[in-house]
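J.: Letter by letter, the chains look like this.
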Amino acid sequence: KQEVTQIPAALSVPEGENLVLNCSFTDSAIYNLQWFRQDPGKGLTSLLLIQSSQREQTSGRLNASLDKSSGRSTLYIAASQPGDSATYLCAVPSGGSNYKLTFGKGTLLTVNP
Amino acid sequence: NAGVTQTPKFRVLKTGQSMTLLCAQDMNHEYMYWYRQDPGMGLRLIHYSVGEGTTAKGEVPDGYNVSRLKKQNFLLGLESAAPSQTSVYFCASSYPLYRGDTDTQYFGPGTRLTVL
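Quick mapping for you: the protein sequence lines, in order, are chains A and B.
For what it's worth, the working numbering labels the leading residue of the first sequence as 1, then goes sequentially.
For what it's worth, the working numbering labels the leading residue of the second sequence as 1, then goes sequentially.
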C-alpha cells in the first residue's frame, strides 16, 4: 500500500527566506507526483505536477523535484511571502492507477512579515 | 467556467439521518472523485467514477453510496449518518490520461458536515 509522508508537519519562516518542503513515498512505481496548496477552509489548488519521466518542474517561485528511485520529492519556494502561508500537500497515484491519489498529511507553512 | 462546485457548503445532521452531497463540474471531465479530510488523517478517497454511469470504491467507501447519472454530476449519499462521518468532503474531477491532457485533479471548495 502506498504511503506518503511529509516533513516537516509545520514550518514557520520570516518573509524573504528560501525554503524546502519534503515528501516521501513508499512505492516508486508512480505515474506522476502532484503538489497542492490548501488555504484554511478552502479546497485544494494544484501547484505543480511532475510526470514520472521528469526530474523537476518550475512555476514562478516554485520548483518541484522528483527522484523516483529514492521515493522523494521536494518543493522549493524562493523568496517566501506572507501570501505563501498555507498547507502544502503532495500526492501520488496509487493502486496501479494514474488517477487514484494518495495524499500526505501536509506541511503547514507560515511566512511571517 | 465555475470549475467544480459543491452543494451544500455546511450541514448538520443527527445520527441516523440521510443526505446527499452534490458535486458538479463544467470542464467536461471524464473522471470524478469524492474525498474526505480529517485532522491527522489527511485526504482519503471514498469513491470515484471514470465515466457516466460508472462508479468504484476507493479507500474508505463504507457507509457511503454514489451515483453518476450525468457526466457533469457526481452525488455522494449517506443513508444513515454516524458521528464518524463528521468530516470535510471534497469533490474533484480530471481528464483521463489517454486524452493526452494533464491529469491534474481540480477540487471543489468542500462541504463541512457535522453528525451529532
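Read the hints as simulated data drawn from the structure, not as lab findings.
Some hints here could point you the wrong way.
[Said to hold, decoys possible] Among the chain B residues that face chain A by a calculated CB cut under 8 Å, a handful are:
#1 64
#2 94
#3 110
[As the list claims (entries may be wrong)] Below, a list of computed lysine to aspartate or glutamate pairs in the EDC-like style, where the Cα atoms sit at most 16 Å apart:
#4 68/A / 27/A
#5 105/A / 52/B
#6 105/A / 56/A
#7 71/B / 38/B
#8 70/B / 26/B
#9 1/A / 59/B
#10 105/A / 17/A
#11 70/B / 59/B
#12 100/A / 26/B
#13 42/A / 38/B
#14 100/A / 39/A
#15 68/A / 84/A
#16 105/A / 26/B
#17 1/A / 27/A
#18 71/B / 59/B
On a predicted model such as this, the values are computed, not experimentally measured, just so you know.
For every residue, glycine included, the Cβ atom is placed at its ideal position computed from N, Cα and C.
J.: Could you run down the list of hints and mark each one as holding or not?
T.: We went through each hint and held it up to the structure:
no.: 1; hint: 64; verdict: violated (16 Å)
no.: 2; hint: 94; verdict: holds (6 Å)
no.: 3; hint: 110; verdict: holds (5 Å)
no.: 4; hint: 68/A / 27/A; verdict: holds (9 Å)
no.: 5; hint: 105/A / 52/B; verdict: violated (31 Å)
no.: 6; hint: 105/A / 56/A; verdict: violated (22 Å)
no.: 7; hint: 71/B / 38/B; verdict: violated (28 Å)
no.: 8; hint: 70/B / 26/B; verdict: holds (12 Å)
no.: 9; hint: 1/A / 59/B; verdict: holds (11 Å)
no.: 10; hint: 105/A / 17/A; verdict: violated (23 Å)
no.: 11; hint: 70/B / 59/B; verdict: violated (24 Å)
no.: 12; hint: 100/A / 26/B; verdict: violated (21 Å)
no.: 13; hint: 42/A / 38/B; verdict: holds (14 Å)
no.: 14; hint: 100/A / 39/A; verdict: violated (23 Å)
no.: 15; hint: 68/A / 84/A; verdict: violated (27 Å)
no.: 16; hint: 105/A / 26/B; verdict: violated (29 Å)
no.: 17; hint: 1/A / 27/A; verdict: holds (8 Å)
no.: 18; hint: 71/B / 59/B; verdict: violated (23 Å)
Violated hints, in rising order: 1, 5, 6, 7, 10, 11, 12, 14, 15, 16 and 18; the structure is consistent with all others.
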